[in-house]
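Starting from the given sequences, assemble the full structure and let the hints guide the process.
Here is how the chains run, residue by residue.
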Amino acid sequence: MNWFVFSWQNFWFAFLALVFEGVPFILLGSLISGVIAAFIPARVITGVLPKSRFAAILVSGLLGVILPVCDCGIVPIVRRMLKKGVPLSCGVTYMLASPIVNPVVIFSTVVAYQGQAPFLNAGLRVGFGYLIAVIVGLIVGTLQSGSILRRGLVTPSTPHRTAIKIAPLPDAASDQFGVHFAQKILDAMRTATDDFLATTLYFMIGAAVAATFNTAVNQHLILELASHSALSIMAMMTMSGILTLCSTSDAFLAVSFATFPSVSRMAFLIFGPMFDLKLIFLYSALFKKRFVIVLGVGLFLLVGGICGIVISGIYGSQGF
Amino acid sequence: MEARVSNILNACTLSGLGGVFLSFYWSGRIDQYLNPAFRLLVLVSGLLMVIIGVTRLFNYPIRNRCADGHCGHQHAKSVLWSLASFVAVCVSVLAGSALSRDAFDQRIVATRGSIEDGKSLPGPDVPTADFSGNASSPPNGSAISQNTQPSPLLIRPSTASLHDSANQEVALEVTDLLRADEAFRNAIAGKNVAVVGQFVPGSTETTFRLTRMFVWCCAADARPIHVTVNVSTPIDFPGMQWVKVVGKPEYSTRNGHSHVVVKAESVTPVKQPKLAMLY
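So the sequences go chain by chain: A and B.
First residue of the first sequence? That's 264 in the numbering used here, and the numbers climb one at a time after it.
First residue of the second sequence? That's 60 in the numbering used here, and the numbers climb one at a time after it.
It is possible that part of the hints are untrue.
In silico negatives: residues of chain B with every beta carbon more than 10 Å from chain A [claimed, not checked]: (1) N69; (2) L73; (3) T114; (4) R166; (5) K178; (6) S262; (7) P293; (8) K303; (9) K307.
Only some residues are given here: those of chain A computed to face chain B with a beta carbon under 7 Å [as the list claims (entries may be wrong)]: (10) W275; (11) L281; (12) L460; (13) T463; (14) V472; (15) T475; (16) F476; (17) N477; (18) S519; (19) A521; (20) P524.
Here are some chain A residues the structure puts well away from chain B; computed CB gaps all over 12 Å [claimed, not checked]: (21) S293; (22) S315; (23) L325; (24) L330; (25) G390; (26) M497.
Simulated from the structure, these hints should not be mistaken for laboratory data.
Note that the Cβ used here is the ideal one computed from N, Cα and C, for glycine as well.
And the structure:
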């Protein structure tokens, strides 16, 4: 059995499908980013977050409820938030949590699990997705932003600012230019399109890689691991990384893997929106490559560990 | 000068990408790629990209920086980066639109496997309301499509167009056969059904898999689903050829999983239906 069967026809079909699915959300995220850049002063953005670093991270993980953005559209928004002075730890927490902790995803998960304890499954997904994002945010908070962010991406006005310290930035939007509404609209549009192009470049590379693996890797080899509990969790996380699904509808596909244990399907639903082949390249638009790799490995171990120990225990107590 | 050239390239990238989106939407090609719930986003984003691209082309910015004062966008200042963006974003999608056949070939069945258990599909089972306690009345495709209530994100195409009233065949989709519950199976027992799908060779010369692609979100996550078809004499079609099978379905249970085989009376090649994907 060949593990890799490439076909150009399948590649182009899957590549375009990923583009049509993802680009509208990147555009949406970029437009939000442009509006934030032109119209919302930095002091307002940083003012929303509590002064306590721990509380700020907790609140950041919940921002997806009021600003729901999926994994494709999140990068330009996070980049803009960082430029506005939001601490990197809070940005990373929001980036990881938002594709899960948002009303659209909660609704679709409940619908997908109809007849299979929908509220328990949606609750586990949202609860542990949030928890994992907060844990990663706290870890990032101990690091220097210079070791994580791409060089020159965010020009900190306060060089001493660390990933966790909340320091006010000069309010460039209102102080420097763009005082007229029409001018601000043009500024917002231009910033949005620059963000869009910068992000889409990486997305296209990610979509091409994802389409290759998505169509060419023999998924039988992964699906055969269903009977082994620990391996099935890793197999489903690997599968979610390859399939590069949208978090708004991945629950429907997860349910279809009926031969896999509930806990491994939950690992699929938590890991996929946080990290997949396409996101490796999207995150590279913002972070250094080394951090992206460490983030991926760390999330794989963290999600796998929590699913294998905690969530499997919860499912066991509920008779699953 | 470099910034001005970059601006032109960036405007072309946006307009070109938007143009491809619009052409797929207006030509209907998008139907093969996306769940209906996401298609409108392609139209809206395509329009926005074209408008913004054209606006940008004629509104060359004097300031070479972002709205919040410091710009880290390399492609806004460098022709090389703008060119890279143009190639990666616009040219790749244009190439894809020219080369894509809007369908998978048979190798996707080999790499993704194929589902034949209706419990693995999302959405409700075929409704029993019309047929329970009334097994003698023949069900029809229209009734099925009208009474099946898909979940908000999953909209199935109507099966009404497949209904052949002259021959009293029950026009069904592959999904209908896979999801059929006990009452529905009783209702169609002994009756001929007509099912359209793609030909995938089976393990013997007298069996094949009548296959459809089931899409959850976009074609990238599509999975093949199939019913097994038995024929009396060996037949051979090209892989993924669209065929219409008329025959009687027979259900059995193996290892707790439902299994359906259609004993075919006829297998005829047909044109690809308008909605090739099932949702």
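Hints and how they fare:
{"no.": "1", "hint": "N69", "in the structure": "violated (6 Å)"}
{"no.": "2", "hint": "L73", "in the structure": "violated (6 Å)"}
{"no.": "3", "hint": "T114", "in the structure": "violated (7 Å)"}
{"no.": "4", "hint": "R166", "in the structure": "violated (5 Å)"}
{"no.": "5", "hint": "K178", "in the structure": "violated (6 Å)"}
{"no.": "6", "hint": "S262", "in the structure": "holds (15 Å)"}
{"no.": "7", "hint": "P293", "in the structure": "holds (26 Å)"}
{"no.": "8", "hint": "K303", "in the structure": "holds (24 Å)"}
{"no.": "9", "hint": "K307", "in the structure": "holds (27 Å)"}
{"no.": "10", "hint": "W275", "in the structure": "holds (4 Å)"}
{"no.": "11", "hint": "L281", "in the structure": "holds (5 Å)"}
{"no.": "12", "hint": "L460", "in the structure": "holds (5 Å)"}
{"no.": "13", "hint": "T463", "in the structure": "holds (5 Å)"}
{"no.": "14", "hint": "V472", "in the structure": "violated (12 Å)"}
{"no.": "15", "hint": "T475", "in the structure": "violated (11 Å)"}
{"no.": "16", "hint": "F476", "in the structure": "violated (10 Å)"}
{"no.": "17", "hint": "N477", "in the structure": "holds (6 Å)"}
{"no.": "18", "hint": "S519", "in the structure": "holds (5 Å)"}
{"no.": "19", "hint": "A521", "in the structure": "holds (5 Å)"}
{"no.": "20", "hint": "P524", "in the structure": "violated (15 Å)"}
{"no.": "21", "hint": "S293", "in the structure": "violated (10 Å)"}
{"no.": "22", "hint": "S315", "in the structure": "holds (26 Å)"}
{"no.": "23", "hint": "L325", "in the structure": "holds (24 Å)"}
{"no.": "24", "hint": "L330", "in the structure": "holds (18 Å)"}
{"no.": "25", "hint": "G390", "in the structure": "holds (22 Å)"}
{"no.": "26", "hint": "M497", "in the structure": "holds (19 Å)"}
Of the numbered hints listed earlier, those contradicted by the structure are 1, 2, 3, 4, 5, 14, 15, 16, 20 and 21.
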